[in-house]
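Novice: So the sequences go chain by chain: Z and D.
All letters in the first sequence, in the order written, are residues 1 to 592 by the working numbering.
All letters in the second sequence, in the order written, are residues 593 to 983 by the working numbering.
Everything labelled a hint here was simulated from the structure, so no lab data went into it.
Treat the numbers as computed from the prediction; the structure is a model and nothing was measured.
No residue lacks a Cβ here, since even glycine has one placed at the ideal position from N, Cα and C.
There's no promise every hint is true.
Unchecked claim - Derived DEER-like restraints, expressed as beta-carbon distance ranges:
#, chain 1, residue 1, chain 2, residue 2, range
1, Z, L437, D, N770, 50 to 60 Å
2, D, S647, Z, H379, 21 to 31 Å
3, Z, H379, D, R970, 28 to 38 Å
4, D, I629, Z, L437, 47 to 57 Å
5, Z, L437, D, S647, 42 to 52 Å
6, Z, R248, D, R970, 51 to 61 Å
7, Z, L452, D, I629, 31 to 41 Å
8, Z, V475, D, Q615, 55 to 65 Å
9, Z, N416, D, A643, 29 to 39 Å
10, D, E715, Z, Y122, 35 to 45 Å
11, D, K697, Z, R102, 48 to 58 Å
12, D, S729, Z, H379, 14 to 24 Å
13, D, T624, Z, S271, 27 to 37 Å
Unchecked claim - Every beta carbon over 10 Å from chain D, so not counted as near; a handful from chain Z, in silico:
#, residue
14, D67
15, T76
16, V78
17, T81
18, N123
19, I196
20, P242
21, V260
22, T275
23, L445
24, G451
25, Q473
26, L519
27, L539
28, D546
So you can see what is in the structure, the chains are spelled out below.
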Amino acid sequence: MEWQAKSETAVLPETNGSPQASPGMREHSPLGLWRAAFREDRFFLVLSVFIGVFSGLAVVWFRFAIDWARLYLLGTGVHLTPARLLLAPTLSGLVIAVLVMRFFPATRGSGVNQTKAALYIYNGHIPFRTAVGKFICSALAIGSGFSLGPEDPSLQIGATLASVIGRKMRLSRDRMRLIAPVGAAAGLAAAFNAPISAVLFVIEEVIGRWTAGILGSVVLSAVSSVVVMRWYLGSESLFRIPAVELRRPSELIAYAALGVVGGLASVTFSSGIATLRPRLKALPRWTQYFQPAVAGLLIGIIAVLGAPQVMGAGYEYIDQAMHGQFTWEFLAILAGLKILATLLSFVSGTPGGMFAPTLFVGAMLGAAVGGAEHYFLPHLTISAGTYALVGMGVLFAGFLRAPMTSVFMVLEVSGNYSIIVPVIVANTVAYVISRGLQPTPIFDLLTRQDGLELPSMEEQREEGVLHVEDAMQRVKGPLLDADWTLDQALREVDHMENQHLLVRMSPNGWSSVTKDELLQLAANGKGTVTLGTLLGTELVPYLHPDHPLETALRYVDRWPVIPVVSRADFRQLEGVITERDVLERYREFGEG
Amino acid sequence: MLEEQEDPVTAERLPYYRLYLRQRPVILVIFTVLAVILILFTSGLARLYRAQRESLGTRWFSRGLADLNAKKYDAAVSDFRAALLYSRDNYTYQLNLAEALIGQKRTGQASAYLLNLWDREPEDGLVNLELARIASSQGQVQQAIRYYHDAIYAAWASDEEWKREDARLELIQLLLNNKALAQAQSELIALEANVGDDPAQQEQIGGLFLRALDYERALSAFRITLKSERHNGAALAGAGEAAFELGRYPMAQHYLQAEIAANPNDTQSADRLKMAEMVLQMDPFRREITTAERHRLVVQAFQLAGQRLTGCALPKSVTLGPASTQPSLSDQWASLKPHVTERSLGRDPDLMESAMDLVFQIERQTSVVCGAPSGVDRALLLIAKLHEGNQ
Chain Z
1 MEWQAKSETA VLPETNGSPQ ASPGMREHSP LGLWRAAFRE DRFFLVLSVF
51 IGVFSGLAVV WFRFAIDWAR LYLLGTGVHL TPARLLLAPT LSGLVIAVLV
101 MRFFPATRGS GVNQTKAALY IYNGHIPFRT AVGKFICSAL AIGSGFSLGP
151 EDPSLQIGAT LASVIGRKMR LSRDRMRLIA PVGAAAGLAA AFNAPISAVL
201 FVIEEVIGRW TAGILGSVVL SAVSSVVVMR WYLGSESLFR IPAVELRRPS
251 ELIAYAALGV VGGLASVTFS SGIATLRPRL KALPRWTQYF QPAVAGLLIG
301 IIAVLGAPQV MGAGYEYIDQ AMHGQFTWEF LAILAGLKIL ATLLSFVSGT
351 PGGMFAPTLF VGAMLGAAVG GAEHYFLPHL TISAGTYALV GMGVLFAGFL
401 RAPMTSVFMV LEVSGNYSII VPVIVANTVA YVISRGLQPT PIFDLLTRQD
451 GLELPSMEEQ REEGVLHVED AMQRVKGPLL DADWTLDQAL REVDHMENQH
501 LLVRMSPNGW SSVTKDELLQ LAANGKGTVT LGTLLGTELV PYLHPDHPLE
551 TALRYVDRWP VIPVVSRADF RQLEGVITER DVLERYREFG EG
Chain D
593 MLEEQEDPVT AERLPYYRLY LRQRPVILVI FTVLAVILIL FTSGLARLYR
643 AQRESLGTRW FSRGLADLNA KKYDAAVSDF RAALLYSRDN YTYQLNLAEA
693 LIGQKRTGQA SAYLLNLWDR EPEDGLVNLE LARIASSQGQ VQQAIRYYHD
743 AIYAAWASDE EWKREDARLE LIQLLLNNKA LAQAQSELIA LEANVGDDPA
793 QQEQIGGLFL RALDYERALS AFRITLKSER HNGAALAGAG EAAFELGRYP
843 MAQHYLQAEI AANPNDTQSA DRLKMAEMVL QMDPFRREIT TAERHRLVVQ
893 AFQLAGQRLT GCALPKSVTL GPASTQPSLS DQWASLKPHV TERSLGRDPD
943 LMESAMDLVF QIERQTSVVC GAPSGVDRAL LLIAKLHEGN Q
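Please put together the full structure from these sequences, using the hints given.
Specialist: The structure is reproduced here in structure tokens:
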């Protein structure tokens, strides 16, 4: 049992990074308690709250900056003059290009990948200049009408602040690596006003794996930042949520249809980025000074031609789509134009996020599909608002390929759990279609285009995991018992070659011994002594069939044979595993 | 503790105060102070931000109101939408946007806003009234009735009674348009109870009672109006019509004559007056006429009925009773004709009853087969209706 417990805990990451952690009684003295309170793992949690507060404040300023940029660049009304629609994004594009090319080269793109790179490549290091550049350039871009959102930049700003704080605190390398996701969650949660979705997204897309060690810090920072943001900007969600209900199970077919449309739109969207981004990056460097301006001009033309809704994050139009303010034909056109405008904005290297455009396209597509279904199948009772809500999740699952986040995002935003079945159905369909037609998720695609290779949760999900049961062998020799005398044991193994023999100890545990060792003990006159007495303290660790095979690797070099026992009865041997078995299995696995 | 992790050599090089600043408790205090300072700064910024948005919202809303009052609905919609950019959940802005959208005939969009407002405040009178109007325009009568009722019993910001009456009047119009006369009469009775003796309102209610075919209440409403406004043409015409429909032809004649004197162009009232006078002149059962005159009127009515029968070409099979046992109306008329003279009527008082009974039957049957009569035949039919209870 002791060995088993150790082997279980050994697979978990270290939670106490401080070598000076005071064990036992020392912690109970006043000085010990004081020191324990500031141990790095506990201090990290407190730090997470501060990271959340600072990130929340930064996001509030970011929001102000975007709104002020919009007011002064585009005007205060809804009917904007053509001159402003054309000039604001074009001139801003020029300014942004100079800022990005000259001063803030790390601010290109959404920021999610950069944060992930900080975690996996740069030991959590993100320069403060990145946050400054992201703040200025993204606010200018979104405020002037580029089809980008504030969430991903907020994520990067939060991560940068966390990284700066971590560096100032001289945290250990392990902590430094983890601190960027903590800030990222805070930034995203504040920008999106949805802490659960932010935590899930950071785990799915930034960290790329489930790890309990950081979960507490991520949650704390996300919640703190949301509290700060709500303190200043109120707790209302980004859009007013319509009444949602699923009256008949047959309506799920309609949601599945939405999933199909959303999946195809996601593939179109990501394929566009995959194709255009490297081509524009490959153009001469001087062209990059003009790419955002050209993108801005084209977006301005789209707006002048009758679709100003595609400019900026567009949350107010999501709100209107949810409340049946547009015809289904216009909604479909808006979805298409928004994909185009976002493609132009993003591939031109303009800093800004893809969250909001994804939600916009999803909402428009959802409402369009809902409207069309109502038109052709008038007996369907689902409101266009419900479709828009589900549509947002669909694009999230299909385009950003964050299936868990996509479901929880819709639930969190709507506050209505009755929508969970339609969301799961539609998201799953979209996810499957998107994964089938575009195997590489968008964020992985972007990192590879940038020449980086970062771990991906989706790929990890795809990878097969080997278990001990895949490599273990049946027991070939006799199994010795601790109650047997040495002479009994020798009689049992008399006909055998010298090999490692397992001994079942009493009441629990396993030991091993070779035939030569038994013969040597017998020569010392211990033939009547039981094996249990002779081998009492020399226990061998044991494994269970469902343990990951990598767990076995920790022991097979020290013990030539490891017993594999049932979880229900530790004395029941399921098989044995040796170093050779493990290596052989890995070799076969590698060969496919 | 952090200082314990510090490389001793590095630690020795650091000035004392910097080493002190790296103590975690000290750092926490510094962070707390920094957070407080930033929070205060952000509070100031937020106040500025909110004030600016509020001001912009108010400015666009004022423009919207001006445009709405000027019935420039397109401009008003843009203005209110702009105002909502700065105060998305503002109830008044949304309500006015919905009004402007209704003005633009974009009832679908208006309905979406109103339903959202209704979710927030289901007892808002104006929201219910607008929703009722939209439902009514979309032919959703039951839903419209529900919203009208909610509007009638809802809270109103000002002029509560007046607005409730207004909502009820619209509901009555809807009910009348959809031939729900009994419901309309109920609503009218409720409305009448709240109106008092206001002549204009009584006149309006009288008109609605007329449409609801409640002539007695219509007459009484018009009479209340006429108490204060003796020469009110609409009330005179309405009272005349109500009295006419009630069969009170002398009273109808009185009101209609007054109306014609005041408004000679009122052809409808003139026709009605003519008919009332004809009924009065042709009715043989009037008390104030002589026996000879009565007999003359019976003979005249009998002859007119015969002409109507001939003109209508009533099928021979039409009888007063079962076809196999009763002769047809034509046969009856033909068999009775030689007897219906002024002299015979004087000799046989029962003959008058038989003759007029046949006249009334002929007019009723011909009106069914050949359509509503006009002129003297209509007068005879009205006389028939007038004396139905006596037959």
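Novice: Each hint: holds or not?
Specialist: Now the hints, each set against the structure:
At roughly 55 Å, the beta-carbon separation of L437(Z) and N770(D) lies within the given 50 to 60 Å, and the hint holds. Roughly 48 Å separates the CB atoms of S647(D) and H379(Z), a value that falls outside the hinted 21 to 31 Å. Look at H379(Z) against R970(D): about 51 Å separates their beta carbons, and that is not inside 28 to 38 Å. For I629(D) and L437(Z), the Cβ-Cβ distance of about 52 Å falls inside the hinted range of 47 to 57 Å, so the restraint holds.
The supplied range of 42 to 52 Å is met by L437(Z) and S647(D), whose beta-carbon atoms lie about 50 Å from each other. Against the hinted window of 51 to 61 Å, the Cβ-Cβ separation of R248(Z) and R970(D) comes to about 58 Å, which satisfies the hint. Against the hinted window of 31 to 41 Å, the Cβ-Cβ separation of L452(Z) and I629(D) comes to about 38 Å, which satisfies the hint. Under the hint 55 to 65 Å, the C-beta atoms of V475(Z) and Q615(D), about 59 Å apart, fit the expected range.
Between N416(Z) and A643(D), the C-beta spacing of about 34 Å keeps the proposed range 29 to 39 Å intact. A hinted range of 35 to 45 Å is violated for the C-beta pair E715(D) and Y122(Z), which are about 59 Å apart. At about 54 Å, the CB distance of K697(D) to R102(Z) agrees with the hint of 48 to 58 Å. The given range of 14 to 24 Å is respected by S729(D) and H379(Z), whose C-beta atoms sit roughly 23 Å from each other.
Take T624(D) and S271(Z): their Cβ atoms lie about 50 Å apart, and the range 27 to 37 Å is violated. In this structure D67(Z) is not separated from chain D by more than 10 Å, as the shortest Cβ-Cβ distance comes to only about 7 Å. At the 10 Å boundary, the C-beta of T76(Z) falls inside the reach of chain D, the nearest C-beta of that chain being 5 Å off. Residue-level check failed: V78(Z) sits 5 Å from the nearest beta carbon of chain D, not beyond 10 Å.
For T81(Z), the condition that its CB be more than 10 Å from all CB atoms of chain D holds, with the nearest at approximately 13 Å. At the 10 Å boundary, the C-beta of N123(Z) stays outside the reach of chain D, the nearest C-beta of that chain being 17 Å off. Against the 10 Å criterion, I196(Z) stays outside the reach of chain D, whose nearest CB is about 23 Å from its own CB. For P242(Z), the non-interface assignment is contradicted: its Cβ lies about 8 Å from the closest Cβ of chain D, within the 10 Å cut-off.
For V260(Z), the condition that its CB be more than 10 Å from all CB atoms of chain D holds, with the nearest at approximately 27 Å. Residue placement check: T275(Z) keeps its beta carbon more than 10 Å from all beta carbons of chain D (closest about 36 Å). Non-interface call for L445(Z) relative to chain D: holds, since the shortest CB-CB distance, roughly 35 Å, exceeds 10 Å. Distance check on G451(Z): its Cβ is at least 35 Å (rounded) from any Cβ of chain D, clearing the 10 Å threshold; non-interface status holds.
Distance to chain D confirms Q473(Z) as a non-interface residue, since its nearest Cβ pair spans about 47 Å, more than 10 Å. Distance check for L519(Z) against chain D: the nearest CB is about 54 Å away, which clears 10 Å, and the non-interface claim stands. The non-interface label for L539(Z) is consistent with chain D: the shortest C-beta to C-beta separation is roughly 36 Å, beyond 10 Å. Every CB of chain D lies more than 10 Å from the CB of D546(Z), the least distance being 39 Å, so the non-interface label holds.
Checked against the numbered hints given earlier, this structure breaks hints 2, 3, 10, 13, 14, 15, 16, 20; the rest are met.
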